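**Q** Residue numbers for the sequence shown, in the numbering used here: -19 to 106.
No lab work stands behind these hints: they were computed from the structure. Among the hints, erroneous ones may be present.
[Stated by the list, open to error] In silico PhoX-like pairs for lysine-lysine, Cα to Cα no more than 25 Å straight-line:
#1 LYS43 with LYS56
#2 LYS66 with LYS76
#3 LYS76 with LYS43
#4 LYS80 with LYS66
#5 LYS5 with LYS38
#6 LYS80 with LYS56
Computed from a prediction, not measured in an experiment: that's the story for all the values here.
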Amino acid sequence: MSTDNTLIAKAQELQIEVPENATEKEIVDLIKVAEHPILTENLAEANEIILGLEDDLKAEIQKNTKKVPVDLLLYKSKKGISYELKVPSFRFQGEKHISKEVNTNVELMEALIKAKFIHLKQLEDE
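Turn these sequences into a full structure, and let the hints steer you where they fit.
**A** Pasting the structure below:
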């Protein structure tokens, strides 16, 4: 009986007319129908808030992101082909490397060339 009273109280709160002999299921259905526009309105409001927060977050990220100039590393292979390493540091075969230190490691550079490493660009002959 307390469930019926709770449902009837909820129905009254939503200003729903409940038929005298309505079953619990019928009252629940009436409440769902009445709450639908309220939920839709709340959802729309929540989505607007989320979009606003996303825009604020993107703006904050953009503001706090520094553009760091990258000194590109040039390397000439044993075959005389020039390559440019386009990142300041990278991981290769599970190890982290700093680009400006790689130039002295001929074996690593040749392995990068052989593996067609994504951040290594072959330069056209000038």
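**Q** Which numbered hints does this structure break?
**A** 1, 3 and 5
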